[in-house]
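Full structure from sequences and hints, please.
Residue numbers (the numbering used here): 201 to 354.
Just so you know, these hints were derived from the structure itself, not from any lab.
Some hints here could point you the wrong way.
Label pairs and their computed distance ranges (CB to CB) [to be verified]:
hint, residue 1, residue 2, range
1, Gly296, Thr323, 31 to 37 Å
2, Val240, Gly264, 16 to 22 Å
3, Pro250, Leu338, 37 to 43 Å
4, Thr327, Pro250, 20 to 26 Å
5, Thr247, Pro282, 19 to 25 Å
6, Trp224, Lys350, 16 to 22 Å
7, Pro282, Asp313, 32 to 38 Å
8, Asp313, Asp228, 19 to 25 Å
9, Asp325, Thr247, 31 to 37 Å
Note that the Cβ used here is the ideal one computed from N, Cα and C, for glycine as well.
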Amino acid sequence: MSAPTDTRPKDEVLALGGQLATFWLDGDLYGVEVAHVQEVLRSQSLTRVPLAPAAVAGLINLRGQVVTAIELRERLGRPPRPEGTDAVVIVVRLRGEAVSLLVDAIADVVDVDPADFEAPPDTLDGTARDLIRGAFKLDGQLLLALDVHKAVSA
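See the structure below:
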């Protein structure tokens, strides 16, 4: 009898451990797989997209490439970013396409152990619960592992 085969894409399996690029959003610490991160940029000029979903903040011109900017506060059901506060842009590459995530601040790259992975906290509800794969307990801090594929899809 052979061992069960995990049919999830390789990047989804890696989400349960390895290195996560972390960032702050509305006072909470989130992380995405380092393998997806292309670059981190300071605030960028956005071009609004008429009739786009609320989570689509606009388009960014990244050295001639047009990249969709997703407002993670909106996607996760958080309040809008305070007026006069600039977002930090995390450009991720998924299935060969670049997408930018707007966050409050970038943090560190952390190594996480799959043994420390837990189900999403019960305190998460609604859309946020669907977008969080789980959590890692760090020193005095909870790191929420964002499902970047779900976060960028409509």
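Hints versus structure:
1. Gly296 to Thr323: 31 to 37 Å: holds (36 Å)
2. Val240 to Gly264: 16 to 22 Å: holds (19 Å)
3. Pro250 to Leu338: 37 to 43 Å: Between Pro250 and Leu338, where Cβ atoms are some 41 Å apart, the hint holds.
4. Thr327 to Pro250: 20 to 26 Å: holds (23 Å)
5. Thr247 to Pro282: 19 to 25 Å: holds (22 Å)
6. Trp224 to Lys350: 16 to 22 Å: Distance hint for Trp224, Lys350 holds at roughly 20 Å.
7. Pro282 to Asp313: 32 to 38 Å: holds (35 Å)
8. Asp313 to Asp228: 19 to 25 Å: Hint holds: Cβ distance 21 Å, inside 19 to 25 Å.
9. Asp325 to Thr247: 31 to 37 Å: Holds: the Cβ-Cβ distance is about 33 Å, inside 31 to 37 Å.
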